[in-house]
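Protein chains in written order, with our numbering: chain A, 1 to 399; chain B, 1001 to 1248.
Check each hint, because a few of them may be wrong.
What the hints assert, rightly or not - What the simulated footprint calls covered on chain A by chain B, stretch by stretch (three residues with Cβ under 8 Å from a Cβ of chain B suffice, anywhere in the stretch; the number is not a length): (1) 50-63; (2) 126-135; (3) 237-243; (4) 314-325; (5) 384-391.
Just so you know, the hints here were simulated from the structure itself, not pulled from any lab data.
Note that beta-carbon positions come from the ideal geometry of N, C-alpha and C, so glycine has one too.
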Amino acid sequence: MLVNRATTVCLALLASLLLAGAVLPAASATIDVAVDLSANVQSPVKGSNVTVTVVVQDQGLLAAGEQAVGEVQVRENGTVIGTAPYTLDANNRSSTFEFHWTPSEKGSCVLVARANTTGDVNVSNDMASLNLTVGAPKGLAAGELSTVATIVGVLALFIFFFIIIASTLGWIPQDRLPIQPALVLATFVIVAIAFIGGTIDDHVERFGPQQLAAKIIIHPISALISGFLAAGALEAAGAFEAAADGLQRLERLKIRGTAVFGITGTVVLLSNVPTILAMPCGRILAAALMPAALFFGLRVARMYMMPALVSVVVFAFIVNAAASCGPALIGGIGTIGEGLAALPTGSLSDAQQIGILLCTGVTALVFKWVTISVPPDLAEEEAERVELERAQKKAEGVS
Amino acid sequence: MAKKVNILVRVIRFFKGTFRDDAAGRLKRGYVTLILFMVVLTLVIMLRAYIHVPIQTILIILVILIMIIGKAKIQDLMAGLIMHPIMAMTAGFLIAGALGLAGGYDILLKGLSWLANLNVAGFAILGWVGVSVILANIPTIMPMPCGRIIGAALLLGVFLFGTALADSYGLGINSAARSIMISSLVAAFIMSAAASCGPSSLGGIGGIGEGNLGLPIGRSTLAQSAGILIATGIATVIIAIVVQPISG
């Protein structure tokens, strides 16, 4: 009886051992497989080819002869991108898989990789995820444009140059459609073309007022406005009248009976005042000091008895004023270029100022020797001068 | 000593005169504000490395000071504002944004690079230098009533072409010569754009002079354009040889 009981216990023990042995490979604590997920680009664009890499790895618990069998699956927002089976053992503890994925929608998306391993005791590391933001296709690097993108770009450029040329040649009457509203209109036409292009080809970026506004650089505009405020305050305070008065005083300035500047020196200074006092727009000083330019121009013309000199003085002054908005630190055009090229403020100013000083002289010379313009009011004086010159030459020839 | 006292008396009289409300008082206030403006601008230029306040802020403070000294009202200030260049710049920036987003600059760059590489029987027609010269002078060839229109619209294209130009000469991204080359082209283009409102027949500044002298419209255009072409070249040479600015 006792023997039978002992036999039963032994058999039960043997059976439980055998049972445990059969179950062990499936429910053993030695299987722990982890998964890792990565992509070759962090900010993919819609329609591009993205390589997703999944690594399935045993955490070092598999003993010799043991195996971990399973299947890895990658999903994008619930949609299956790919599936692959794997078998890991002590000699081959990891497997790497590459899946190719083409994002079909813009916006944020989540890639999830999940490893389903039979008998995995630790499910917390069976899943890995990757948050990505899919952008609009760019492909705008030179030479890499799609056909539709090229057409849109060419059309945009063509419209811009057409408006510039048509306005210059007078095809677009400026009294009806000035250049500024024409350009604003052109902007909306380009937006429409890009919208149509964007519906045909994803490589063309569709944009609206928001994107346009984001492209506007506020700094030069705010500098320009504050520059105009400064000019307005100077004008209101009578500073430009003081400048004209100062120039007249300068002409009369003498040291020991000798004129320091004289009329010629004062005219040279007057012509270059706009560049010395560079304003955000040449019109400020051109309008404010024009009476002084006319006054000194007439003085010079009468002094040298050459009526054409008034045009020489006035236009030398004007070209100087026109160019002066380039080097102006208070919202000049130069500041846009300096900002764009990340150069220190004012680094392009000196070179421009020297160029303008020479350009003023060249304009005066061209007016003196090439263009020769006598104002109608002084035409009679010029006719008398020419007559006198002829008579003098004749007399010299006779003598 | 007597001379010094005399100078002091004259200075006191001058400043006393600024409080008068007649024409002489206004002229004196004009002198004070003009000198103040020039001194502040000179200081801003000389001490720019130490001034960490934007120029806009300095100018607004200056405006308030000038208005107080010059006894000017807000109405006087607003009457002196010229809206034309502000509108021109805004229009220029709008079209610049549209061109950039529509790929216009890529096409411009592609077209200019093609032009620079255009060869006939093995000889470059324009080459990179020739295309740069034309590009820098475009604002004077097509003068607008305000240089800011073409300046704002095409400056990014000029900058991109400058980088392509530097690449064509094999200048690396960290090369100082590359920065100088781009700066020279940008400066030349700005010079040409800034001056181009002078000879413009679409309401350029030259029109003021022509109107005042009773000359036909466009009479001053060629002389001004000749001067600007020279100035553009001079500005380029000075930037390249003397100033040599390096990007920050």
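Against the structure, the hints come out as follows:
Coverage of the stretch 50-63 of chain A by chain B is violated in this model, with 0 residues showing a Cβ closer than 8 Å to a Cβ of that chain against a need of three. Proximity of the stretch 126-135 of chain A to chain B, defined as three or more residues with a beta carbon under 8 Å from a beta carbon of that chain, is not established by the 0 residues found. Remark: the stretch 237-243 of chain A is confirmed as covered by chain B, as 7 of its residues place a Cβ nearer than 8 Å to a Cβ of that chain, reaching the required three. Only when three residues or more bring their CB closer than 8 Å to a CB of chain B does the claim for the stretch 314-325 of chain A stand; here the count is 10, and the claim holds.
Residues of the stretch 384-391 of chain A with a Cβ under 8 Å from some Cβ of chain B number 0, which does not satisfy the need for three, so the listed coverage is violated.
Comparing the model with each earlier hint shows violations of hints 1, 2 and 5; every other hint is respected.
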